[in-house]
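Trainee: Each chain, written out:
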Amino acid sequence: MSELAQKPSRRPVLKFSANGVQNLAMFGILVLIWIVGSILFPAIFNTWENVRNILVSSTSVIITASAITLVLITGNLDLSVAGVGAMSGVLFGLFTIAGLPVWLAAVAAILCGATSGFLNGFIISRFKQPSFIISIAFKYFTAGIALIASNGQSIASGMPGNVKNIAQTISGLPLPIMYAAVISLIFLFVQNSTVFASQAYAIGANIKTARFSGINTVKVVTSVFTLSGILAAFTGIIIVSRFSVADCSMLPGLETDCIIAAVLGGTDINGGRGTILGMIIGALILFTLTQIMNFLNVAMYDQQIIKGVVLILAILVNDTIRNKIKV
Amino acid sequence: MKNRSRSLNSTARYNIALFLVLVAFVVIFTLMNPKFLAKFNIFLIFRQNLPNMIIACALMFVVTSGSIDLSVGGVMAFCAITYAALCVKGVNPWWAIGIVALIGVGIGLINTLLIEKLGIPAFMATIAGWLIYGGLAFTVCGGPNPISKPAMQVITILDDKATYVGPFPLALVIVVVVVAVFLFLERKTVLGKYAIAIGGNFNAAYFSGINVIKMRAIYYVLCSVMAAMSGVWQVARLSTADPRCIGLGTEFAALSACIVGGANIKGGQGSIIGAVLGVLLLAVLPNGIQLMKSALPVWLQWLKSPFLPQVITGIVLLVVVFINYLIGRGKHYE
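Line by line, the protein sequences are chains A and B.
Just so we're aligned: 166 in this note's numbering is position 166 of the first sequence, and the numbers increase by one with no gaps anywhere.
Just so we're aligned: 339 in this note's numbering is position 12 of the second sequence, and the numbers increase by one with no gaps anywhere.
In short, the hints are calculated from the structure, not lab data.
Beta carbons are placed, not taken as given, at the ideal position from N, Cα and C, and that holds for glycine.
Take these hints with a grain of salt, some might be off.
Reference listing, derived: stretches of chain A covered by chain B, where coverage requires no fewer than 3 residues with Cβ under 8 Å from a Cβ of chain B [what the hints assert, rightly or not]: (1) 120 to 129; (2) 133 to 139; (3) 146 to 157; (4) 261 to 271; (5) 292 to 304; (6) 313 to 322.
The shape of chain A in the complex, shown without the other chains (with noise of 0.2 Å):
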């Protein structure tokens, strides 16, 4: 120790954050889960199919979550996301369906789930009501609406077939794949080196020092909110395309697939802490152990409880890194 002490080494040693131990130990995890389903399905396992499948999967949650990573990290709730996502879903296939080009659809139903979001937001951190029953209220207008529009079934017939281009597969590689790299890219970017993230992160940690240290807590609350809104909506066009079904029940659990998601991957739920690279890790963990699942027959209602008790474990894992582990 006193050698160590006496000559600071010089060469660049390699240190970790918490979050690194965090991210580098649910990597190990998402490892160790890939192995156990390469040993238990040697053939198919590997190959670009089952690759691809677990990665369009986890499209609609890796989307989304990266803005409600960010909407947790202020230390908010937004459970409003599958109700957003199906609206704009069905509002884009009847916009389709009215006439309007697939493109134009799409923006008019993102313009929808961004105006939830900003209401959602805005009400949230103007009027300082707690975002959990905000959220729960958006929610049910949201779905309301979409039960409404749809007249509560599916709408799967009317739709021009230029719908699907949005998810389409160009050689061999699907676009939602493309979507959610472009997406998590941009939000990392964003998490990792903007002033925003860090307004973000001052907020969930001390919402009152933040806002006496001078940051605009409405604006930054307000945006979060709208961003989540934005991909929950687009969430629910890519769905509408992948399946060229626009139904009002579309996203069942979307909102806790990302809260689960998001806490695997290291957030707090309490705000100030997280990150999207995390959360993409939580997210792969979570649709390889469903896929290995799958293929072992787990019936749909059994995965649901082991989706429970991985995130119970998960909280756990967390709460001991941070308290034990000293980096």
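Once you have looked at the hints, place chain B on chain A.
Mentor: Coordinates of chain B only, in the frame set by chain A:
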């Protein structure tokens, strides 16, 4: 707000205002369609909202004490299916109710363990619980197909269309009894005061000698048991135990009712009367609008959509929160 008397505290004033709003809506709906106040419709409202009503009463304690329980929907489904499965296996329905109530107690204790002992945030622990119990409901059921009528003949004890206590249907009696019991617990035992104390300031409550974990455990157990009983009620009412629809969205419906009834989501404020009024308000609005005949102009016809309750709940929540902001009640987050 003409009842703003100095002798009443803010919760009482809020409840009176809420009651007046409820009465106003009832009068309006009755003027629109006299059938709104018909015996059949009143009983229908109580039958349909019994689960929300009794869960909201118990959830009110949990929310007032500064915690939250989102697992009630899953617990309700799990207990409903377990009850049906036990009955089909030939267990005496009354014994089955007892077993299901015990399951509720167990789930409440598990919640306590996760939240109070292991320190998992209540929101996450109970969301996980909701996933787990909701999944277990399907597992007990053996798949997505409901246990339905032919196999369910055993369970006629609570079949509510046949069961009347004097002139009143069973639902009304159950609601009145449960609400009375909860009012007693709130007013005459330490439960109500301690809930407000714990929710108002957790540390202060702890240091003034309240056994915080024990009290929270009681609230969680009450909540889970009420959810379990609601599950039994749904099975009796619908004569089918369907894991896909029993308990769906109950947690948010009951929570919305508590918020409308004046609960502070951060704890420290709330009353059983408020919860009851909240449930009634959220139940009466969609029902009354459905019954409005031809009184609606064309541009409001969309209000007749059968999916309106969701939108109404959302709007009422926003309005209530906004009013709370205006009158400076329930400052949630600074």
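Trainee: Look at each hint and say if it fits the structure.
Mentor: Going through the hints against the structure:
1. 120 to 129: holds (count 4)
2. 133 to 139: holds (count 6)
3. 146 to 157: holds (count 4)
4. 261 to 271: Result for this restraint: holds, n = 3.
5. 292 to 304: Three-residue rule met by the segment 292 to 304 of chain A, so holds; n is 6.
6. 313 to 322: Answer holds; 3 residues pass the 8 Å Cβ test.
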